[in-house]
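These are the residues of each chain, in order.
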Amino acid sequence: MPRFPEAILSWMSHSRVRAGSALLAFLLGSLGSPPSVRAQEASAYWFVGSRLILERATDVRGEVAVATRDAGFERFLAKLGATLAFAPGQNYAILTAADRRTITFTIGDPQIISGGVSTRAPFAPYLEAGELYVPFVAVARALYVEPVKSGSEIVLQPQLGGLDVRTDARKTTLTFRGGVPLRYTKIAETPDRVTIAFPGVASTLTQARRMTGGAVSEVDVLVSGNPKNPTTTVTIEGVSGVAHGLNVVPSTNEFSLTFGPAGTALGAAIPESYTPTARSLAPIVAQIVPTPSRTPRPPPTPIASGTDAPNDSVGPAATLPTDAIANGTSGSSSSRAPISITEVGVDILGDGVSVRVSASGPVSYEWHRLADNRWYIDFKNALLTGSGRDERPNAIAVDSVRARQVAMSPVPIVRIALSLKGDRRVEIVPLDGGLSLAIDGSPAADAARVGAGAIGTPSLAPASGFGTPYPGETLAPGASAYPTPYATTTPWKYGTPPNGSKLIVIDPGHGGSDSGALGNGLVEKTLTLDIAQRLKTLLVAQGWTVRMTRERDVDVARANAADAEELQARVDVANLQNARLFISVHINSFPTQQLNGTMTFYTKGIDKPLADAVQRDLIPLLGTKDDGVRAGRLYVTRRTTMPAILVETGFISNAGDAALMRSSEFLQNVAQGIANGVRDYARAQPATASMAGER
Amino acid sequence: MRSLRILILVALFTGAAFAGWWYLGHRPATGDTVTVYYTKLDGQSEVPWRVSLGSARDLKSVAFYTATQALAGPAPGVDAIRFPAGTHVSAIDVEGSTVHVDISKEIVSSAAGGFSEDGEFKSLVWTLTALPGISSVRITIGGAKVATLPGGHFELDEPLSRSSW
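As they're listed, the protein sequences go chains A and B.
Just so you know, we're using the numbering used here here: the first sequence kicks off at 1 and counts up by one.
Just so you know, we're using the numbering used here here: the second sequence kicks off at 1 and counts up by one.
Hints are computed from structural coordinates only; laboratory data are not their basis.
No experiment lies behind these values; they were computed from the predicted model shown.
Each residue gets a CB set at the ideal place from its N, CA and C atoms; glycine is no exception.
It cannot be assumed that every hint is accurate.
[Claimed, not checked] Okay, the calculated beta carbon distance ranges per label pair:
| no. | chain 1 | residue 1 | chain 2 | residue 2 | range |
| --- | --- | --- | --- | --- | --- |
| 1 | A | Ala208 | B | Val47 | 32 to 38 Å |
| 2 | A | Ala269 | B | Ser164 | 39 to 45 Å |
| 3 | A | Ser273 | B | Val78 | 29 to 35 Å |
| 4 | B | Lys40 | A | Gly656 | 16 to 22 Å |
| 5 | A | Gly422 | B | Glu95 | 58 to 64 Å |
| 6 | B | Val78 | A | Asn578 | 44 to 50 Å |
Modelling step: build the complete structure from the supplied sequences, incorporating the hints.
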């Protein structure tokens with residue numbers, strides 16, 4: 001790339017901005033005004049319960065320009081869940097709002113394009129000393145925040161700013177978009193009429209809207225309260241005979257309801273009240289982060305004076321010396337500084353509950369399941385940040401969640417106690433810098449009553465999953481890296497296999513430190529293992545030798561391995577054994593409810609006949625939507641040397657598919673469908689012919 | 001006279017060479033709008049939509065802008081396969097006919113399936129390869145080369161082109 005012309009362009013754009021500023025200063029100066037740019041002067045605002053100070057703000061024609069790297073501005077964006085992309089040398093800066101709208105600025109151009117709609121800012125963004133300055137109020141408005149004068153102060157008031165109405169067939173979906181994550185309380189509800197209050201947001205949508213042609217007849221928006229603490233109340237009136245349901249939304253800044261004929265699938269029930277936690281700014285599935293390390297959060301920036309927002313619960317531990325973060329290690333290290341449990345958050349996921357626990361450093365724990373449906377987990381050498389927590393989530397599976405400092409000496413212990421509604425399984429899901437307790441509808445049955453592990457060390461799962469003997473098993477000296485206990489055989493029925501290969505490798509997707517997708521109270525790694533075990537039984541009955549990449553809830557390579565290492569370990573099981581076929585079982589996921597159905601992926605040409613056979617046999621048994629056979633660049637199907645497929649059984653994110661996946665009959669049918677496909681494939685593709693000219 | 005003619009020819013040639021060199025580095029990407037593609041919920045069809053460009057028309061700026069648009073997806077109400085919320089372009093570079101896009105780590109925060117990942121990258125690759133002279137897209141995540149994604153295990157080890165699908 002030639003450098004010289006770029007330098008010219010860059011110089012040209014600088015000089016243009018400077019010339020513009022000089023001309024502006026001259027014009028204003030000739031009118032006797034004070035100098036237009038008052039650098040270093042702070043702009044103070046009130047924003048969501050705290051004072052927001054823009055230190056690097058200047059005045060352009062009476063409007064505030066702020067440097068995009070100003071700490072207060074960055075905090076403002078972070079609280080709104082917005083991200084700014086601007087690389088030096090680019091002429092564009094792009095803001096992505098929490099609700100995914102793209103807001104585009106061009107240096108030297110006052111047009112701001114927000115979600116495809118162009119608005120004109122009072123002045124164009126400009127560069128000064130390599131820093132990008134943007135019109136602050138225009139940015140705030142684009143992010144649904146309205147500056148409102150209240151006495152001598154300016155309050156940056158988050159708005160319920162957008163309303164999308166979509167009608168298709170007989171259903172109408174209303175989606176409200178807020179400037180901040182939306183808290184709400186249900187005020188009144190009948191099947192055809194709902195009233196919801198959103199505290200903390202005002203609205204510019206304040207008028208009744210009559211609608212025709214859909215399932216909704218009227219939407220009323222009313223704002224009450226005072227400028228610093230407004231409440232917006234929304235009433236939606238359906239046409240007679242309709243019902244409604246809550247939709248899954250891609251960000252917590254959105255609230256979406258569908259109205260439609262009673263008896264059709266309309267989403268979930270609206271909870272009595274809902275408070276998004278700071279973590280849930282990201283989608284729920286964002287809790288699974290595969291990287292094992294965690295850098296400590298930096299201390300708060302000193303310019304952000306005043307109290308923090310009440311729901312801003314992620315932050316540094318105020319009560320602890322910072323060296324606790326660096327020094328804390330797992331185990332009974334009572335001589336070391338205790339770590340802190342910085343967050344205990346409760347999310348309702350469909351019928352299930354997820355309790356997120358964040359720790360400031362490595363910590364060990366022990367959990368117990370009691371006979372009376374109580375369950376608790378103790379974190380040793382840990383301090384609870386803030387006071388205890390007592391939550392009664394409105395969920396089918398869980399009655400209450402409590403967090404307490406139950407002991408201070410000799411070792412401080414934090415206990416999180418769950419009171420479960422009936423016999424429920426509690427799954428511990430390791431996260432980056434913490435863990436999540438996932439409680440879905442499934443019964444604990446005869447699962448273990450006690451266990452232990454650690455956050456921040458790999459002891460949650462065996463260091464090496466595959467090839468590690470189970471308790472009570474021993475490996476013969478000189479045994480292969482892949483011990484035989486996994487393989488079971490009955491007499492061969494289908495022709496003469498090449499290389500003696502009648503081995504099928506089944507790969508239950510995810511496992512151990514990697515939960516895969518979560519949704520509707522279900523966990524992907526649990527479902528894939530269940531299906532794989534059923535499939536193994538059926539294939540063995542057909543006469544195949546079957547090896548599974550994992551037989552338990554473990555990582556195949558090692559806990560928290562890089563994705564490629566983990567997947568290569570699975571591929572190796574099949575490649576090194578020269579397996580005849582490779583079948584990976586997965587559960588699909590999507591950010592919204594919209595998608596459902598079953599699909600089978602393949603990559604190589606030799607995969608397709610197997611994919612076709614399996615998909616063809618699955619659909620009539622499952623009754624799910626046929627999403628077809630698809631080519632995809634997926635690691636396991638691409639790197640295996642034999643015919644390989646990846647079955648996406650259904651969408652965990654879709655209420656209908658998830659309901660099916662809760663029944664063992666359905667899981668059995670998945671296994672049966674795949675087994676039937678393998679049988680049909682083996683009949684159509686005699687083993688002796690299959691190995692030549694492949695790929 | 002003859003030497004003057006040679007001198008003029010050399011000057012013309014040098015000028016043409018310089019103009020060509022300048023053009024290759026600063027190919028005007030498009031007119032006032034650029035085409036961005038999104039993947040429909042069937043996971044296969046690519047739908048074009050036109051977005052307006054600002055004043056910068058050098059290929060790198062336009063590539064940055066279109067990649068950012070592809071990552072942000074179409075208007076909120078449109079049914080499309082979208083990158084996880086907050087995913088954005090961290091850096092972009094044009095290396096011959098390949099655009100190198102560094103994507104922020106939000107992309108790995110979501111354990112979506114191979115279906116979503118396939119649709120997301122199809123949209124990005126379709127969008128960038130619609131720019132003149134661009135045939136492939138090299139992806140890094142958070143500044144690092146990655147072999148695959150955590151949710152559905154879509155492979156990113158090699159530059160992607162339209163023929164990757």
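Each hint, compared with the structure:
1. A:Ala208 <-> B:Val47: 32 to 38 Å: holds (35 Å)
2. A:Ala269 <-> B:Ser164: 39 to 45 Å: Once the Cβ atoms are compared, 43 Å apart, the range 39 to 45 Å for serine 164 of chain B and alanine 269 of chain A holds.
3. A:Ser273 <-> B:Val78: 29 to 35 Å: Since serine 273 of chain A and valine 78 of chain B have Cβ atoms about 31 Å apart, the given range 29 to 35 Å holds.
4. B:Lys40 <-> A:Gly656: 16 to 22 Å: At 21 Å between Cβs, range holds.
5. A:Gly422 <-> B:Glu95: 58 to 64 Å: 59 Å Cβ-Cβ, so the 58 to 64 Å window holds.
6. B:Val78 <-> A:Asn578: 44 to 50 Å: holds (47 Å)
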